[in-house]
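*Asks:* The primary structure of each chain is shown beneath.
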Amino acid sequence: MGFNIIFNSTGIINFAQGEFSMFGGLFAYTLAVSLSLPLYLAVLLALVITALIGAFMERLLIFPLRRASVLVAIIATIGASIFYKSLGRILWPKEAYKVPEFTPGNISLPGATISRQSLWVFGLTVVSVTAVYLFLNHTRAGKALRACSVNRLAASLVGINVARMSLYSFILAATLGGVAGLANAPYASYSIGLFLGVKGFTAAVVGGLGNTFGAVTGGIFLGLLEELIPGFLTVVLGVSTGYKDAVAAVLLIAVLLSRPQGILGRGVVEKV
Amino acid sequence: MRHGRREMGEDAAAKGPRARAIEAFNLPLFLKRNALLIAFSAFIMVMPAWASPLSKPLGIPIILTMRLVGVYAIVAVGLNLLMGYAGQVSLGHGAFFGIGAYTSALLTARAGLPVWVGIPCAVLVALIFGVLLAPVLRLKGHYLAMATLAMGIVIFVFMREMTWLTGGNDGVRNIPDLALPFLKVTTTQGEFYYVWVIAIVALALCSNLVNSRVGRAMRALHQSEVAAEAMGVPVSSMKKRTFVLSAALGGLAGALFAHLQGFIDPNQFSILLSISLVTMVVIGGMESVWGSVFGAGLITFLPKLVEALPRWLGDVPDWLEKYSNYEGMVLGVIIMLTMVFMPSGITKGLVDLVRNRRSPFVNPFRRKAVD
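Chains A and B supply the protein sequences, listed in that same order. For the record, in the first sequence the residue sitting at position 166 is 166 according to the working numbering, with numbers rising by one throughout. Every position in the second sequence, counted from 1, becomes a number in the working numbering once 1000 is added.
Derived by calculation from the structure, the hints in this document are not laboratory data. Computed from a predicted model, the values in this text were never measured in an experiment. Worth double-checking, as some hints may not be accurate.
[Stated by the list, open to error] Ranges between beta-carbon positions, derived for each pair:
{"id": "1", "chain 1": "A", "residue 1": "L153", "chain 2": "B", "residue 2": "R1138", "range": "41 to 47 Å"}
{"id": "2", "chain 1": "A", "residue 1": "L153", "chain 2": "B", "residue 2": "L1205", "range": "40 to 46 Å"}
{"id": "3", "chain 1": "A", "residue 1": "L228", "chain 2": "B", "residue 2": "F1182", "range": "30 to 36 Å"}
{"id": "4", "chain 1": "A", "residue 1": "H138", "chain 2": "B", "residue 2": "Q1223", "range": "40 to 46 Å"}
{"id": "5", "chain 1": "A", "residue 1": "V33", "chain 2": "B", "residue 2": "L1064", "range": "39 to 45 Å"}
[To be verified] Once the Cα atoms are required to be at most 30 Å apart in a straight line, the calculated DSSO-like pairs of lysine-lysine come out as:
{"id": "6", "chain 1": "A", "residue 1": "K244", "chain 2": "B", "residue 2": "K1140"}
{"id": "7", "chain 1": "B", "residue 1": "K1056", "chain 2": "B", "residue 2": "K1184"}
{"id": "8", "chain 1": "A", "residue 1": "K143", "chain 2": "B", "residue 2": "K1140"}
{"id": "9", "chain 1": "B", "residue 1": "K1140", "chain 2": "B", "residue 2": "K1240"}
{"id": "10", "chain 1": "B", "residue 1": "K1056", "chain 2": "B", "residue 2": "K1304"}
{"id": "11", "chain 1": "B", "residue 1": "K1240", "chain 2": "B", "residue 2": "K1348"}
Glycine is no exception: its CB is placed at the ideal position from the N, C-alpha and C atoms.
Could you put the whole structure together from the sequences, leaning on the hints where they help?
*Replies:* Next comes the structure, spelled out in structure tokens:
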């Protein structure tokens, strides 16, 4: 969803989106474990820091490039991603960190055991989707953001500060990325950035770029496929589960070639 | 070079379309058109003479690194044809590099074929993959970028998982050295010349191609596909041909890489490789054959420089001692600064400075009336 918000309002695909998740998870670790702050405070602070990183990135990198070509912008965000990643590697030299679970233990239901963490993940998703929905549809800033995504020039003509909206969208996207990193937190590590980025983009594309809530559907769909397909391959064909990493990529190519507007997106008529 | 082309154009117009083919060989004109190429070849040919004694005091194995620069220059130039001239982004070119490397490595190390058979086969296989994957060119802009990135990931995963063929993460070992039919190339210097002769031939081909009819067609479709199509450029097939050509160059470079290293594993051909290839092209300068060579040099030497820097400074604090960790940060900062202040690449910026007396820097923070 973060991808989509940035893409909508700035027309830029942010390859550093995955790194926001990395920062979210790792800052939460540092604050909670090393500084032994209470968990809720650590989580909140981690989100604020991630949002700040997003804001700085927009002002220093994206704003200057607002008139640049697609390729230049892509390369610049890749540069940011490389920078963040090695920064992460220096600050957190270990391979992986374990952030304490929000509430440890499992819940036993008849016939199934669910870890509380996965309930938290589910809950966080629901909460953040609802929050973004409310923000986009019921606040002035959210509506302005949507106006930018429809037509930036027209938005600026009716008095919306497009540059500021781009800043907001980066803050929002960074926060969402941070939430994603937190939800993934027991397995926080610096190397998750790029793969998470590709998966996030796939989810966004599958659901339809420019369709914020399509991304949620796309994400769920992708998550299911990623578990089902390798499982199927292993059981039926007896190949290794290592192919799992390719599922998102294959899906991305297939969707782009067959239904470029996404599964939920409406058709786009290109004018010459 | 630009001047020469115009003369040629007028000549051809005067004598009709066939005139170019029977144009008499004109030595001064030939020299003028290829001055840069000839100068660069001369520079490379004498390089071992002055660079070898320098390597030790600098702490950088220059010739050893230059072999790799040659390899990357080949693939970067191919990629620049696609990205810079034809305007089609590919974030998955490391895949072709890997395919070339694996083809030649498997043919020579497992099947026992000679190296000079393995390399052409690698080019052929990369070319076939290029043809098979060319349909992604139907996409544009971001979508093309992401689709090619995904393509790179898929091929990387297959290289890692098809253990019966590629050996998986263990890679392929004992790949024979570079060789000519009756000559084994064993010294570093020999390898240096081997790679650079091939690289210079590739550079010559590409720099002539971009100034030819095909090259103009490429640039035309970069500007506007519709206009190019209207002027009679077969847009879709031109894109595909450029893609296949750059895939083949990628395969060639990959094969050379495999024989230079003697050992390959899939992680050498991950997305990071594709990204650093794109970086070479963009940092060096799009739409510039020589920019790619420069970019390849910069990106290949950067880690060595970062590694050697603390040693030059002598006694350095402990946190600087481990400077090699900072390679990614330095690279990231260079990429971001170049994109923000010199979006047309470093070589283009320098050419601008010298030829037009214009500052190569742009001030991106200046506001304009319409943003």
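*Asks:* Each hint needs a verdict: does it hold in this structure or not?
*Replies:* Do the hints match the structure? See the list:
no., hint, result
1, L153/A x R1138/B: 41 to 47 Å, "28 Å, violated"
2, L153/A x L1205/B: 40 to 46 Å, "44 Å, holds"
3, L228/A x F1182/B: 30 to 36 Å, "56 Å, violated"
4, H138/A x Q1223/B: 40 to 46 Å, "44 Å, holds"
5, V33/A x L1064/B: 39 to 45 Å, "44 Å, holds"
6, K244/A x K1140/B, "27 Å, holds"
7, K1056/B x K1184/B, "27 Å, holds"
8, K143/A x K1140/B, "29 Å, holds"
9, K1140/B x K1240/B, "13 Å, holds"
10, K1056/B x K1304/B, "13 Å, holds"
11, K1240/B x K1348/B, "27 Å, holds"
The structure fails to meet hints 1, 3 from the earlier list, while all remaining hints are met.
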